[in-house]
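S.K.: Residue numbers (the working numbering), protein chains in the order written: chain Y, 46 to 185; chain W, 21 to 409; chain F, -4 to 651.
If you are wondering where the hints come from, they were derived from the structure by calculation, not from laboratory data.
The structure presented is a predicted model; accordingly, all values stated were derived computationally and were not measured.
Don't take each hint at face value.
[As the list claims (entries may be wrong)] No more than 30 angstroms apart at the CA atoms, straight line, and that leaves these computed lysine-lysine pairs for DSS-like:
| # | chain 1 | residue 1 | chain 2 | residue 2 |
| --- | --- | --- | --- | --- |
| 1 | Y | K132 | W | K382 |
| 2 | W | K216 | Y | K132 |
| 3 | F | K603 | W | K357 |
| 4 | W | K135 | Y | K135 |
| 5 | F | K312 | F | K264 |
| 6 | Y | K172 | W | K382 |
| 7 | Y | K134 | W | K382 |
| 8 | F | K231 | F | K312 |
| 9 | W | K382 | F | K505 |
Here is how the chains run, residue by residue.
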Amino acid sequence: MAEFEPKIIAFCCNWCTYAAADIAGTSRIHYPANVRIVRVMCSGTVDPIYILRAFEMGADGVLVAGCHEADCHYLNGPLKCDAMFEKIKKMVNTLGLEGERLRREMIAAAEAPIFAHVIEEMVEQLKKLGPSPLREGVKV
Amino acid sequence: MNLEDIINKTKTYYCLECGKCTAVCPVSRHNSNFSPRLMLERALMDSEGELIHDRELFSCLTCYACSHLCPSEVDYPVFTQKVRSLASSQGEHGDCAHSGTLLSLMRLMSRPNIKQRRLDWLDGCHTSEKSEILYFVGCAPYFEPIFEDIEVSPVNVARNSIRILNALGIEPMLLPNERCCGHDLLWTGDVETFKKLAQFNAEMIKESGAKKIVFSCPEGYRTFKIDYPQYVKLDCEPVHITELLAQNLSKLSLRPRAKREGSNPEVKKVTYQDPCRLGRHLGIYEPPRELIKAIPGIKLVEMEHSGDESICCGTSVWTNCSSCSKEIRIERLSEAKATGAELMITACPKCQIHFKCAMVDKGAEKGADVKMEVMDLVNLVANAMETQE
Amino acid sequence: MEDIRTGVYICHCGLNIAGTVDVEEVANYAGTLPAVVVARHYHYMCSDPGQALIKDDIKNLGVNRVVVASCSPRMHEPTFRRACQDAGLNPYLFEHANIREHCSWVHDDKRLATEKAKDLVRAAVRRVSFHEPLEIKERPLNPNVLVVGGGIAGIQAALDIANGEHRVYLVEKEPAIGGHMAQLDRTFPTLDCSECILTPKMTEVGQHPFITLLAYSEVEEVVGSVGNFKVRVKKKARYVDEEKCTGCGVCEEKCPWKVDSEFEMGLGKRGVVYVPFAQAIPHVATIDKEHCVYFLKGKCRACQKFCDAKAIDFEQKDEIVELEVGSIILTTGYDIFDTRRIQQYGYGKYDNILTGLEFERMTCAAGPTEGKVLLKNGQQPGSVAIIHCVGSRDENYHEYCSRVCCMYALKYAHLIKELTKAEVYQMYIDMRCFGEGFEEFYRRVCDEGVNFIRGKVAKVTDVALTEDEQGRLIVAAEDTLLGRMIRVPVDMVILCPALEPRSDADGIAKLFTINRRADGFFMERHVKLDPVATATEGVFIAGCCEGPKDIPDTVAQASAAAAKALSVISRGRVVIEPTTAQVNEVLCQACGRCEEICDFHAPKIISKDGLRVSSVDAALCKGCGACAVVCPTGAMSVRHSTREQIKGMVEALLEV
Ligand SMILES: Cc1cc2nc3c(=O)[nH]c(=O)nc-3n(C[C@H](O)[C@H](O)[C@H](O)COP(=O)(O)OP(=O)(O)OC[C@H]3O[C@@H](n4cnc5c(N)ncnc54)[C@H](O)[C@@H]3O)c2cc1C
Ligand code: SF4
Ligand code: SF4
Ligand code: SF4
Ligand code: SF4
Ligand code: FES
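Here chain Y stands alone, though its shape is the one from the complex:
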């Protein structure tokens, strides 16, 4: 049987983490192909519905990543994102989702290796956990 390949959606802010992923590319820092990046202008614009929708559609893990606090292009996006994240975390926790499946990171443009590392780590953890319990109809 083929090994379980988790699907990850990563919401990355245009100015930092998306750029970090670009630099991972230019520096040929390899990481697993399980992740799909969605570009958002700022981490502060990630709506809870994006995350829930990803899980509804069968994502096994979701990453929300943007600038460090002081670097945000729009001043306080990361703080606003944190506030949103705290709420959504409570909701998916009530749904019984394992904590590792929803992750928040601050990754600066220069931190391409950290980006790659976070993806590697998530893939590893999610492989151990197996498919998300929020998936439709997958029997575990």
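Starting from the known structure of chain Y, arrange chains W and F with the ligands on it as the hints suggest.
M.R.: Just chains W and F with the ligands, lined up with the frame of chain Y:
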């Protein structure tokens, strides 16, 4: 079901075009694009294509004010519900409040493999593994973080419900993996997911062996009482907590808080908002009033529109929550304030949420002052009980 | 509704992409997606022939949505948007899929990379189906500039802009401009006389054809946004006609009543009708209504009798002036920490304890003592202690360093040595001499035989323990270099109080919708990269209202702010990016959550046809999307980052 079936089922063709519905409809009063009479007329004349793509299809509150007055007994809310299911199958869903987060959570509760952690708020409540009485918690644990900012705690209502049951000597059973009742999905037209949820719940309830299910949420209550029987088999009786309490008034020994503190109790005026599902949907008007009146030191004053004339809280199923909804709420809160009451009591967590939300006024320039305390009847009763401890 | 006809173009990027991703397979797959009418792959999409493919398809096949899958949009999105525009397609109907940086360069398994590329293309195709044509808009702009605060910062900024021949309104709340610098005697480290370098600038302001000086005035209301601010200024009644007054000073001379002069820090007196100082600009008298006996008791009018110019006008009223400006610079400066708050230092309790500014007036030749350093009893001090960091670098008051005290304390030491024979003690925590010529000045003062004692002063007292201390002020401190308590008896103590935010800084911040830092000073847009801009577009800050600093830094900042303001107004119009927030007025409930969360003050609740709704000022909005997240009804959304678009991508990515 196609449009023709829907028309037949809801007796739409009996419509006399008298316009009573539109005259009483709270939405029509504030939104000139919406009229139940015209919707029916269009359904009868238009090709179905157009109607289901009309945003206003999702504006109806399904509050039953119209059908309550309709001389031909046209069931407009059910008409709406069914047409929405047609619309939903074509990807129409109105304007989702909260970006659709709540509906998404409800859909996610239909996933087979979830193991929820929905009962971590039980402190101080006595529940049992096996009991003939089951308390249905509903979506409170999901609403909790979302409405923190407007200081509404649906979980507190659930907690107090159980405490009150405890005071009556009941230690109810809870379902640790209880699913959403499906009310909001049914009324937004997502019948498929609704059915799944109903099946999960029916199965779990059957396994539990419960004979009676107590609700503090009128929507769950209505759904179990009226809608579930059309889709699943339920061998137990749903009751709303206000009915149960009204029957057991003598056992509650309610006293005003001030009495215990030794001071002269002041009489507190409160008014009562009939939730549509409890009132016009199910005809429960008196039990909540009996309960309120039974609390010493509290005087119930009625709003201009009350009982079967009462006005909806302005938003239903987290959809099309608009400026019109807010105006309905402002109108209603103004009625409540006009009674001189300091407190508006409701028996539905969502009424409380929507009314409290209408009071949010964070802009620099303030609007009309509609601020007042809104409290769930369960909490009012629980507060009155605490005094005897 | 028009049919969506999407063209998809997969780039090989030589072998950069094609080496890892099966581009042909991706293109074939893209061709099967809904609404895709053409899907091609090409060696280099960014090359001219590559772009020509897109342009031709727009023209010949009626393609009205374009997806290019190639490198990062951070690289070539502008290129392809331009290509669309050249072919007559709105540039926002383009979407970029990143299959190089995010795919071919980071994976080596060809199968997996190809699958991923397909997903990314599918998501882009979905997203672009929700795109709408957007227009960059322009708005006319008013080229005038408002400068608030006529200290050296405001003076410098006003002159820089006015010399560029733009109208400047300089609003100063005091009767005359000059700010704190006008009160200083000599300025470190060069010791040039403050008056001598400031007066020519003040005069230039007074005479400049492009500067309208509104002294003794305050801003009452600001509405509008960058390019088009409307400002209401209250010109307070001086009870002297500015046009007629020649500033001769006869009125002050004849005024029978004298009060403490603010300019002289209470060390000298002024008339109730007065010109604050000799070089004051505007050089006109002002009646201090609070103390004027005519206003208090209805009798006197001595000044009026003697004024030849007939300038005194007791009937004068406050006047409201309405200004229209395109950009604003705030230069409201600082307040001095109230040294009475540290009771242990005995200010106000004992004689001969002075604050820095009082000492400035004392050494000034035109000041109350005519430049002589004197004790209360008229004698010269035999010893002077200078206490640093009074209220600065102190967690009980202000954590920050006030940045000028070390240097002016050295200046005082030097002046005392020059003007008296006194022994001088510097009681410091650290010597911070970082600027140009500062360290050299420090060396010089050290060589002049000044005593440096490192330690925070615990108290100043007159309770003598020894004969020597009798009748003197004793400064008790721990000498942290020697590690023991010491007591230094002196004749005079000079306190170096912190520079702190203006007491009305909060009100001013609200008036101009800018933010304040935790320390209370006005907050810059970015500490390092945008130090004179604020979160509000078109409003800039300079000088000590942004934080304590010396004159050279103040002037540099003022010129920077002037350049920024000029760059706003010299464009001649306000360019409004289309990717900003928009309100669906049917859904909006005027809850104001958006207004509260926006750091750029773009949304505001307004009344529109009797309905309260949020309205976004597109000129202020940065399109960050924070408002859309907190909007409960979905009324707020950001163009080109709508929920549909992002959700659509998520759904498409996970569909298979
Ligand atoms: C004791 C002492 C000695 C110093 N010695 C030196 C020195 O030797 N060399 C040196 O480089 N620096 C020295 N400094 C620092 C120097 O004073 C400042 O760098 C400089 O004055 C800052 O100028 P400014 O224009 O920012 O502020 P300010 O001088 O404070 O000017 C602000 C102006 O704005 C006006 N204003 C305030 N609020 C409003 C309002 N709401 N509306 C309209 N107008 C308003 C004020 O009336 C004032 O005119 C010294 C400071 C102190 C305290
Ligand atoms: S159910 Fe209520 S909201 Fe809907 S049409 Fe009837 S009266 Fe109006
Ligand atoms: S009124 Fe209710 S549905 Fe509408 S925004 Fe407020 S909480 Fe949400
Ligand atoms: S998008 Fe950002 S900048 Fe624009 S109004 Fe919303 S919060 Fe303010
Ligand atoms: S947050 Fe939304 S509903 Fe509230 S005022 Fe702003 S746009 Fe209107
Ligand atoms: S721009 Fe990156 S988090 Fe705000």
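S.K.: Evaluate each hint against the coordinates.
M.R.: Do the hints match the structure? See the list:
no.: 1; hint: K132/Y x K382/W; result: 21 angstroms, holds
no.: 2; hint: K216/W x K132/Y; result: 27 angstroms, holds
no.: 3; hint: K603/F x K357/W; result: 26 angstroms, holds
no.: 4; hint: K135/W x K135/Y; result: 15 angstroms, holds
no.: 5; hint: K312/F x K264/F; result: 27 angstroms, holds
no.: 6; hint: K172/Y x K382/W; result: 45 angstroms, violated
no.: 7; hint: K134/Y x K382/W; result: 26 angstroms, holds
no.: 8; hint: K231/F x K312/F; result: 7 angstroms, holds
no.: 9; hint: K382/W x K505/F; result: 15 angstroms, holds
In the structure shown, a violation is registered for the earlier hint numbered 6 alone.
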